Amino acid sequence: DAKTTQPTSMDCAEGRAANLPCNHSTISGNEYVYWYRQIHSQGPQYIIHGLKNNETNEMASLIITEDRKSSTLILPHATLRDTAVYYCIVRPRDNTGNQFYFGTGTSLTVIP
Amino acid sequence: ETGVTQSPTHLIKTRGQQVTLRCSSQSGHNTVSWYQQALGQGPQFIFQYYREEENGRGNFPPRFSGLQFPNYSSELNVNALELDDSALYLCASRLSGLNTDTQYFGPGTRLTVL
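Chains as they are written, first to last, in my numbering: chain A, 1 to 112; chain B, 1 to 114.
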């Protein structure tokens with residue numbers, strides 16, 4: 001079962017920041033927060049992940065609250081190509097068979 | 001591009017038949033996972049292989065089976081196909097043991113069971 005809660009859908013104006021929230025109130029100390037996105041009928045694409053510190057890469061920023069019970073993915077300047085389903089996933093980092101539980105994600109629509 | 005490829009892209013089978021889907025992992029990756037994604041749903045974990053051994057399985061019946069080869073390519077086999085097996089099948093590879101074990105997904109195989 002997915003251990004995260006995300007809004008079903010969101011809209012964002014092109015050029016504005018898209019802020020996608022995720023609740024993971026039962027996260028354990030050894031679990032990372034991962035974000036993936038999936039553009040229609042393609043394979044999921046890795047965006048970013050973090051443990052407790054805020055992270056930034058060329059695609060996005062990840063803000064994790066101090067208690068780690070929620071996080072926000074920020075796309076700083078959304079474009080039409082960012083329209084996709086965004087998945088927030090928590091999982092421990094180890095070598096065993098711990099899978100990624102995807103849930104149903106947030107469908108982000110970037111509006112011209 | 002993730003370096004993960006899958007074949008075929010699309011496939012149509014009839015109920016009761018058997019199917020084999022193939023995945024070529026990103027170079028150097030020793031772990032492969034398979035997922036089933038029904039229309040409108042998130043991917044559901046089927047199983048994972050690490051160094052040619054299954055080391056994790058989701059809630060799927062035994063008619064879903066797999067293989068991982070020494071070159072880390074892999075197969076997903078589904079026997080006695082049912083209508084509900086119609087879905088996008090995704091494989092994902094990663095290199096276990098590093099500080100980050102991000103999974104990289106292939107484009108998927110769209111299976112239709114009639």
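Derived by calculation from the structure, the hints in this document are not laboratory data.
Just so it is clear, the structure is predicted and the values come from calculations on it, not from any experiment.
Just so you know, even glycine gets a beta-carbon here, dropped at the ideal spot from N, CA and C.
It is possible that some hints are incorrect.
Which residues of chain A face chain B? A partial, calculated answer using Cβ under 10 Å [unchecked claim]: (1) SER9; (2) CYS12; (3) GLY15; (4) TYR34; (5) GLN42; (6) TYR46; (7) HIS49; (8) VAL85; (9) TYR87; (10) TYR101; (11) GLY103.
Sample of chain A residues facing chain B (criterion: CB under 8 Å; computed from the structure) [said to hold, decoys possible]: (12) SER41; (13) GLY43; (14) PRO92; (15) PHE102; (16) THR104.
To see whether the hints hold, each was checked on the structure:
Because the closest C-beta pair between SER9 of chain A and chain B is about 12 Å apart, greater than 10 Å, the hint is violated. For CYS12 of chain A, the interface hint is violated, the least distance from its beta-carbon to any beta-carbon of chain B being 21 Å, above 10 Å. Given hint, GLY15 of chain A at the interface with chain B, is violated; its Cβ is 27 Å from that chain's nearest Cβ, farther than 10 Å. Interface hint status for TYR34 of chain A: upheld, as the beta-carbon distance to the closest one in chain B is roughly 8 Å, under 10 Å.
Below 10 Å, beta-carbon pairs count as interface contacts, and GLN42 of chain A has one with chain B at about 6 Å; its hint therefore holds. Among the interface hints, the one on TYR46 of chain A holds; its C-beta lies about 5 Å from the nearest C-beta in chain B, closer than the 10 Å criterion. A distance limit of 10 Å between C-beta atoms decides the matter here; for HIS49 of chain A the minimum to chain B is near 7 Å, and the interface restraint holds. A least Cβ separation of about 8 Å between VAL85 of chain A and chain B falls short of the 10 Å threshold, and the interface hint therefore holds.
Taking 10 Å as the C-beta cut-off, the interface hint given for TYR87 of chain A holds, the closest approach to chain B being about 6 Å. Residue-level restraint check for TYR101 of chain A holds (minimum Cβ-Cβ distance to chain B is 7 Å; threshold 10 Å). A least Cβ separation of about 5 Å between GLY103 of chain A and chain B falls short of the 10 Å threshold, and the interface hint therefore holds. Here the hint on SER41 of chain A is kept, as its CB sits about 7 Å from the closest CB of chain B, short of 8 Å.
For the restraint placing GLY43 of chain A at the interface with chain B, the shortest Cβ-Cβ distance is roughly 4 Å, inside the 8 Å limit, so the hint holds. Interface hint at PRO92 of chain A: violated, since its Cβ lies 10 Å from the closest Cβ of chain B, which is beyond the 8 Å cut-off. Hint status for PHE102 of chain A relative to chain B: holds, with the closest Cβ pair at about 3 Å, below 8 Å. Of the supplied interface hints, the one on THR104 of chain A holds, with its beta-carbon coming within about 5 Å of a beta-carbon of chain B, less than 8 Å.
Checked against the numbered hints given earlier, the structure breaks hints 1, 2, 3, 14 and satisfies all the rest.
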